[in-house]
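Heads up: the sequence shown at position 157 corresponds to 183 in the working numbering, and the numbers run straight through without jumps.
Hints are computed from structural coordinates only; laboratory data are not their basis.
Note that the structure is a prediction, hence the values are computed from the model and not measured.
Certain hints may be false.
[Stated by the list, open to error] No farther apart than 27 Å at their CA atoms in a straight line, the calculated lysine-lysine pairs in the DSSO-like style are these:
#1 198 to 154
#2 114 to 74
#3 169 to 158
#4 182 to 168
#5 156 to 140
#6 154 to 140
#7 168 to 158
#8 197 to 244
#9 74 to 169
[What the hints assert, rightly or not] Here are the in silico distance ranges between beta carbons for each label pair:
#10 115 to 80: 42 to 50 Å
#11 205 to 264: 56 to 64 Å
#12 258 to 136: 46 to 54 Å
#13 122 to 146: 32 to 40 Å
#14 92 to 128: 33 to 41 Å
#15 149 to 187: 43 to 51 Å
#16 195 to 164: 42 to 50 Å
#17 142 to 121: 40 to 48 Å
#18 187 to 250: 28 to 36 Å
#19 140 to 161: 26 to 34 Å
For glycine and all other residues, C-beta sits at the position ideal for the given N, C-alpha and C.
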Amino acid sequence: MLSNEYQEVTLGEVNEALKEIENKYSNGIPNINSDSDGFEETLAVLSKEYDSVGLPTLDLSASIWKVFKQVVSGARSLIQIHRRTIAKMKDVNIDNRCKDTRSGELYKIIDDCKTDIDKAEEKNSALKNKMKALLQEISNLKKYERVLRTEMEQVKRINTAQQNQLTLEIKKLTRENQRLKETLGTDLNIYQSKDQVVLKLLGKYKSNEDIFKSTIQKLQGNNKELLHEVFSLREQLSNVSKDCDSAD
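Could you put the whole structure together from the sequences, leaning on the hints where they help?
Rendered as structure tokens:
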């Protein structure tokens, strides 16, 4: 805003002042060149100043009245230029304030985005750590599964070998039993001794049969336990896979 010394002057006030000056100096106005107190030099400098800002220069050869009118006209032009300059400065200030406001809003948006990015990076880091732990757990479970499979294969081989051995024993005892029956049927003189042999063989056969049955039951129990462990391991792997999918 302009101070009091730069308050606006109306066109009517300027014209009235010009009339008063004209009435006061209209009679006997000397030429500007008759001045001897440096006034001509001052007007020459003012004329150059007018020319530097694009205003018409002063005609110093004219009368004082005409020169004064030229000065007043230049002053009015300067006042208009000054007003336009002030208006432009106001517009510039408004634009600057708008830019500052927009810049503040943009900085706030940038800060919010940075905060969101930091939170997302923290969450991503936590998910990576969880994923790493789950992958390690999967690796351990797979190793355990391989160990169980190896042990199960060993148990199956041992079980098969024992079953084959027992089968051979049973076949051997069966053949021996058949041979004894045939021998008893043809040789009655040694019936008592044959009967005793048969009883001993049958007792041995019964004992071997009990051992065979016990071994089979034990192997079946071991097989059930291994199968249970395998099913449990598969269930754990399935749960881990689901956790990995949910983490993604």
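Each hint tested on the structure:
For the suggested pair residue 198 and residue 154, the alpha carbons sit about 65 Å apart, so the restraint of at most 27 Å is broken. Between residue 114 and residue 74 the CA atoms are separated by roughly 26 Å; this keeps the pair inside 27 Å, and the hint holds. About 17 Å separates the Cα atoms of residue 169 and residue 158, which keeps this hinted pair within 27 Å; it holds. The suggested pairing of residue 182 with residue 168 holds, with an alpha-carbon distance near 21 Å, which does not exceed 27 Å.
For the suggested pair residue 156 and residue 140, the alpha carbons sit about 24 Å apart, so the restraint of at most 27 Å is met. Between residue 154 and residue 140, the direct Cα distance comes to roughly 21 Å. Compliance with the 27 Å bound is thereby established for this hinted pair. For the suggested pair residue 168 and residue 158, the alpha carbons sit about 15 Å apart, so the restraint of at most 27 Å is met. For the hint linking residue 197 to residue 244, the alpha-carbon distance of about 22 Å falls within 27 Å, and the restraint holds.
Distance restraint check for residue 74 and residue 169: the Cα-Cα separation of roughly 99 Å exceeds the 27 Å cut-off, and the hinted pair is therefore not satisfied. Taking 42 to 50 Å as the suggested C-beta distance range, the pair residue 115 and residue 80 does not conform, at roughly 19 Å. Between residue 205 and residue 264 the CB atoms are about 58 Å apart, so this pair conforms to the stated range of 56 to 64 Å. Checking the proposed 46 to 54 Å range against residue 258 and residue 136 shows it holds: the Cβ atoms sit about 53 Å from each other.
Restraint check, residue 122 to residue 146: a C-beta distance of roughly 35 Å satisfies the suggested window 32 to 40 Å. At roughly 54 Å, the beta carbons of residue 92 and residue 128 sit outside the given window of 33 to 41 Å. Our hint of 43 to 51 Å for residue 149 and residue 187 is violated, since their Cβ atoms are close to 57 Å apart. In this structure, residue 195 and residue 164 meet the distance hint of 42 to 50 Å, their C-beta atoms being roughly 46 Å apart.
The hinted window of 40 to 48 Å between residue 142 and residue 121 is violated, with their beta carbons roughly 31 Å apart. At roughly 20 Å, the beta carbons of residue 187 and residue 250 sit outside the given window of 28 to 36 Å. As the Cβ distance of residue 140 to residue 161 is approximately 31 Å, the hint placing it in 26 to 34 Å holds.
Checked against the numbered hints given earlier, this structure breaks hints 1, 9, 10, 14, 15, 17, 18; the rest are met.
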